[in-house]
Amino acid sequence: MRFVTTLPSPLGRLTLASDGEAITGLWLEGQKYFGTGLSDTVQEKDLSIFAAAGAWLKAYFSRAPLPPLPPLSPQGSPFRQAVWQLLREIPYGAVTTYGALTRAMREQGVPASPQAVGGAVGHNPISILIPCHRCVGSDGSLTGYAGGVEKKKFLLELEGADLAGLYVPTRGTAL
Numbered sequence: 001m002r003f004v005t006t007l008p009s010p011l012g013r014l015t016l017a018s019d020g021e022a023i024t025g026l027w028l029e030g031q032k033y034f035g036t037g038l039s040d041t042v043q044e045k046d047l048s049i050f051a052a053a054g055a056w057l058k059a060y061f062s063r064a065p066l067p068p069l070p071p072l073s074p075q076g077s078p079f080r081q082a083v084w085q086l087l088r089e090i091p092y093g094a095v096t097t098y099g100a101l102t103r104a105m106r107e108q109g110v111p112a113s114p115q116a117v118g119g120a121v122g123h124n125p126i127s128i129l130i131p132c133h134r135c136v137g138s139d140g141s142l143t144g145y146a147g148g149v150e151k152k153k154f155l156l157e158l159e160g161a162d163l164a165g166l167y168v169p170t171r172g173t174a175l
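Numbering (my numbering), first residue to last: 1 to 175.
For the record, the hints were derived by calculation from the structure and aren't laboratory data. Note that the coordinates shown come from a computational prediction; the quantities given were computed from them, not determined experimentally. A few of these clues could be false.
[Unchecked claim] Label-pair distances were calculated between CB atoms; the ranges are:
no., residue 1, residue 2, range
1, Ser-138, Glu-29, 17 to 23 Å
2, Ser-62, Pro-91, 39 to 45 Å
3, Gln-75, Gln-108, 30 to 36 Å
4, Arg-13, Pro-67, 29 to 35 Å
5, Ala-94, Pro-8, 24 to 30 Å
6, Asp-19, Ser-138, 31 to 37 Å
7, Gly-20, Ser-138, 14 to 20 Å
In this text, a Cβ means the ideal position worked out from N, Cα and C, and glycines have one as well.
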């Protein structure tokens with residue numbers, strides 16, 4: 001059984017999913033791949049895990065000190081799990097590139113291409129909590145955010161990331 005709830009945010013309504021023990025999904029309204037991994041059997045429910053995630057998100061959006069992350073349990077292949085773990089290691093307010101993530105995967109002995117890493121980043125089922133918005137193109141493009149490039153920019157600005165040299169692309173497949 002999967003449980004869901006919705007929360008308001010500066011980015012619009014957020015939908016959270018849980019297995020009852022951990023957060024398994026967090027999607028922005030209108031996001032690509034919205035609800036991926038949710039089965040047909042879902043129930044709206046107030047859970048303590050949702051309260052913990054809500055408290056973290058409230059602190060995040062108000063730039064307050066962040067409490068510990070609630071337990072996260074994204075569902076995906078071992079390759080995607082490894083990429084999502086690397087995303088969790090990107091510090092608040094920092095950015096990295098798809099190429100840097102690819103090199104890190106290779107250093108762990110995992111064969112990877114930037115395209116495969118980009119696919120894993122783009123299919124991150126737990127937006128914001130697993131900070132895929134902190135990954136940018138090697139040329140500085142703010143590309144590849146399933147929630148939309150403007151929302152990615154908003155999140156990076158909220159965190160105080162250095163946006164010098166970063167830009168919103170005007171064309172491409174990952175807008």
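Okay, the hints, checked on the actual structure:
| no. | hint | in the structure |
| --- | --- | --- |
| 1 | Ser-138 - Glu-29: 17 to 23 Å | violated, 30 Å |
| 2 | Ser-62 - Pro-91: 39 to 45 Å | violated, 19 Å |
| 3 | Gln-75 - Gln-108: 30 to 36 Å | violated, 21 Å |
| 4 | Arg-13 - Pro-67: 29 to 35 Å | violated, 22 Å |
| 5 | Ala-94 - Pro-8: 24 to 30 Å | holds, 27 Å |
| 6 | Asp-19 - Ser-138: 31 to 37 Å | holds, 36 Å |
| 7 | Gly-20 - Ser-138: 14 to 20 Å | violated, 40 Å |
The structure is inconsistent with the numbered hints 1, 2, 3, 4 and 7, although it conforms to all the rest.
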